[in-house]
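Assemble chain F onto chain D, guided by the hints.
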Amino acid sequence: MKIEANVWQKVPGATAVEIFPIIPKANCVSSNCYIFSAPDALVVVDPGARPEQTRQISRVLTDALALSQRPILVFLSHCHQDHSQEAGGLELPAGIEIKRFAHQVGVEAMKHRDPNLTVAYLYPGNPGICTARFEGILFPSSPASEPRALELADGGRIELHTEPIAMPDGATLQRQWLHLGDGNRLEIYHTPGHSPCSLSLRVGSMLMLGDLPFAANPGVCGLDGWNHADLLQTLRKVDWLLETPDITVCCPGHGYCVSAQSMREKLRLMEAEASNLTNVPLLDAERISVLKIYVDELLEETAALFTIFSGRLYTVSYYLSLLEEDSAASRVLATLDIDRIDSILSDFRRIAEMFNNSAVPEWTVVLKGVQVASSLQQVLSAEHVQQLLDFSLVDRAQRRLEDFLSVVRGLQFLQTEQPGAVNELIAQILVRAKSAHLGESTDFMKAAEDEQSFVEALTRRLAAHSPLRDIEFEFAPATQEANANIGAERLDDILTNLIEGMAGIGAKHIRIVTEVSPGHVAIRLSSRERINPAAFGRRRLDLYHRTLGWLGGSLECSQQAGNAELLIRLPALQAV
Amino acid sequence: MKELEITLQRLESTVVLHIVGPVDNNTAPQLQEALLRAAEPPTGAVELDLAKVPYMSSAGLRVLLVVAKALQKRGERLGLVNVPLPIYNILNLAGFTSFIDIKI
Numbered sequence: 089m090k091i092e093a094n095v096w097q098k099v100p101g102a103t104a105v106e107i108f109p110i111i112p113k114a115n116c117v118s119s120n121c122y123i124f125s126a127p128d129a130l131v132v133v134d135p136g137a138r139p140e141q142t143r144q145i146s147r148v149l150t151d152a153l154a155l156s157q158r159p160i161l162v163f164l165s166h167c168h169q170d171h172s173q174e175a176g177g178l179e180l181p182a183g184i185e186i187k188r189f190a191h192q193v194g195v196e197a198m199k200h201r202d203p204n205l206t207v208a209y210l211y212p213g214n215p216g217i218c219t220a221r222f223e224g225i226l227f228p229s230s231p232a233s234e235p236r237a238l239e240l241a242d243g244g245r246i247e248l249h250t251e252p253i254a255m256p257d258g259a260t261l262q263r264q265w266l267h268l269g270d271g272n273r274l275e276i277y278h279t280p281g282h283s284p285c286s287l288s289l290r291v292g293s294m295l296m297l298g299d300l301p302f303a304a305n306p307g308v309c310g311l312d313g314w315n316h317a318d319l320l321q322t323l324r325k326v327d328w329l330l331e332t333p334d335i336t337v338c339c340p341g342h343g344y345c346v347s348a349q350s351m352r353e354k355l356r357l358m359e360a361e362a363s364n365l366t367n368v369p370l371l372d373a374e375r376i377s378v379l380k381i382y383v384d385e386l387l388e389e390t391a392a393l394f395t396i397f398s399g400r401l402y403t404v405s406y407y408l409s410l411l412e413e414d415s416a417a418s419r420v421l422a423t424l425d426i427d428r429i430d431s432i433l434s435d436f437r438r439i440a441e442m443f444n445n446s447a448v449p450e451w452t453v454v455l456k457g458v459q460v461a462s463s464l465q466q467v468l469s470a471e472h473v474q475q476l477l478d479f480s481l482v483d484r485a486q487r488r489l490e491d492f493l494s495v496v497r498g499l500q501f502l503q504t505e506q507p508g509a510v511n512e513l514i515a516q517i518l519v520r521a522k523s524a525h526l527g528e529s530t531d532f533m534k535a536a537e538d539e540q541s542f543v544e545a546l547t548r549r550l551a552a553h554s555p556l557r558d559i560e561f562e563f564a565p566a567t568q569e570a571n572a573n574i575g576a577e578r579l580d581d582i583l584t585n586l587i588e589g590m591a592g593i594g595a596k597h598i599r600i601v602t603e604v605s606p607g608h609v610a611i612r613l614s615s616r617e618r619i620n621p622a623a624f625g626r627r628r629l630d631l632y633h634r635t636l637g638w639l640g641g642s643l644e645c646s647q648q649a650g651n652a653e654l655l656i657r658l659p660a661l662q663a664v
Numbered sequence: 004m005k006e007l008e009i010t011l012q013r014l015e016s017t018v019v020l021h022i023v024g025p026v027d028n029n030t031a032p033q034l035q036e037a038l039l040r041a042a043e044p045p046t047g048a049v050e051l052d053l054a055k056v057p058y059m060s061s062a063g064l065r066v067l068l069v070v071a072k073a074l075q076k077r078g079e080r081l082g083l084v085n086v087p088l089p090i091y092n093i094l095n096l097a098g099f100t101s102f103i104d105i106k107i
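Top to bottom, those sequences are chains D and F.
Residue numbers for the first sequence follow the working numbering, so the first one is 89 and each next one is one higher.
Residue numbers for the second sequence follow the working numbering, so the first one is 4 and each next one is one higher.
The following block holds chain D by itself, in its conformation from the complex:
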């Protein structure tokens, strides 16, 4: 069953209950809101954090009240700012009673203006934490055996029942519920992990999961209150709930509702991902600020690498056109969805600029960075791209995106690589720089007899143009073994980028020297021609310095005899 936004529709599996979902474009500033109209109450799940959304909720409730006066029950799926901030902001006709409900931990956090558990620290300008009174304390630490009753001014009462569910595997799913009239219930399950106060709510066969479906996402896992063990337990419990035919539709805190089956598949994938997320560091304000700078650097790096990719495609197409091979030129340009990538990166740049004007929170930039990195990964993994373009460029871009996603998740990706023998690695880079072109020649000669093969070989030959082909290298390796405690793949990426960058700004003779000193291996890059490190882009150099820094290394630029020298320092591999 499709659940549509901004209209009243029947709740599947319930009698005489309707839902009015408010589903804004998914964002981290304000959540979805679900309004239920039941015989005995109007229920609001997650008012959100945007005043215009609050005004819409107030209008919808006022219209529903005109048909039948009922109390309003406001529930929070958890106390995060984007779900809770406007819980006290509803404007209703006089005499309408509102009761608010949230998990005890969330109620305490809001009461004590806790910027961490409410994640108010993620938003600029210190937004006010919800100050409304919460009468309904859900899942209190000392639960009552009898139903807890909330008295209403008109003499009515709302009874809150506590009835845990014993699961077949011996675990317990904490549950509370209340009557909505005509035999309908609102069931509330304690589903911690994203936050200790996270709840899932069920009406009929609809389950509202709050932010559980995003809890393992980079930029979300590690938020204050996030708990790995709780999350894994919750995922198992929700999987069990979704196994029953009683739930058919699942509604997240952001984005559209999906079938229970789709949600179950998503949560299972997420469980596999989440199982690796042990020891995720706290995603606090300080770490978010660091990640924001990392996002800026990543933007600069991926924009540069991508513009070089697309520029090479344009160059190939230009020469194919000159040779009157227009259809081959068009095929080359169709290799990569250049416009899509350009649009993704331009949007990203605008968000980053908006941040610099303080219009959006740092966290938004980090999450946008995650989204962009994931989208670009998809585009770059297309097989035909890898067939035509310089593999090394594609792989380098892919690894920077992977690194970023891993770091946002708090994973220590760099420890997974084998340490590198630096001299051998540099020798390989130099061989690669010269060999890419030579390998194509044989291919080219073989294809000469068949027209189509010839055009294809010609295209590959043009695409394989290496900027390092005409560079004269001088390599002076250290006489001792230079084994560095660093992943060879990433050192290769950084060195290749720096060498290509030097070539890009006019270096024709590049000298590479390695030196070994106690505890360190140094690599010096210089050129006979004058080079200006500013040409690399400051942020790109910062990114390489950051990556090396994670391994105890560094990148420095210094002036030697009026010319720039790039100095990479690496920690030496200690003999065992």
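Since the hints were derived computationally from the structure, they do not count as laboratory data.
Here's a subset of chain D near chain F, in silico, CB distances under 10 Å, partners left out:
#, residue
1, 388
2, 437
3, 591
4, 592
5, 623
Keep in mind it's a predicted model, so treat the numbers as computed, not measured.
From the three backbone atoms N, C-alpha and C, an ideal C-beta is built for every residue, glycine too.
For chain F alone, coordinates are given in the frame of chain D:
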């Protein structure tokens, strides 16, 4: 939407376009239109002054390609002057220096 500031300067045998602002997918169409108009005969050479362009995305590179092709058909080449180093680096690595005259 941001716009580019484009100033046109006609010299004896060359038209120079001075650009202020980033060239990305938003602004590239504006640049393409101005450049193609400037490249119409009887104009001789066309030069683009990039001194005040903070960055250029692939959309900008495509514009350069389109204009270079249009000029090439009548035996002219596109020239870029005052190219900021990071942009020069990318154009060079992408192979554009082989069909466009580029001065830092």
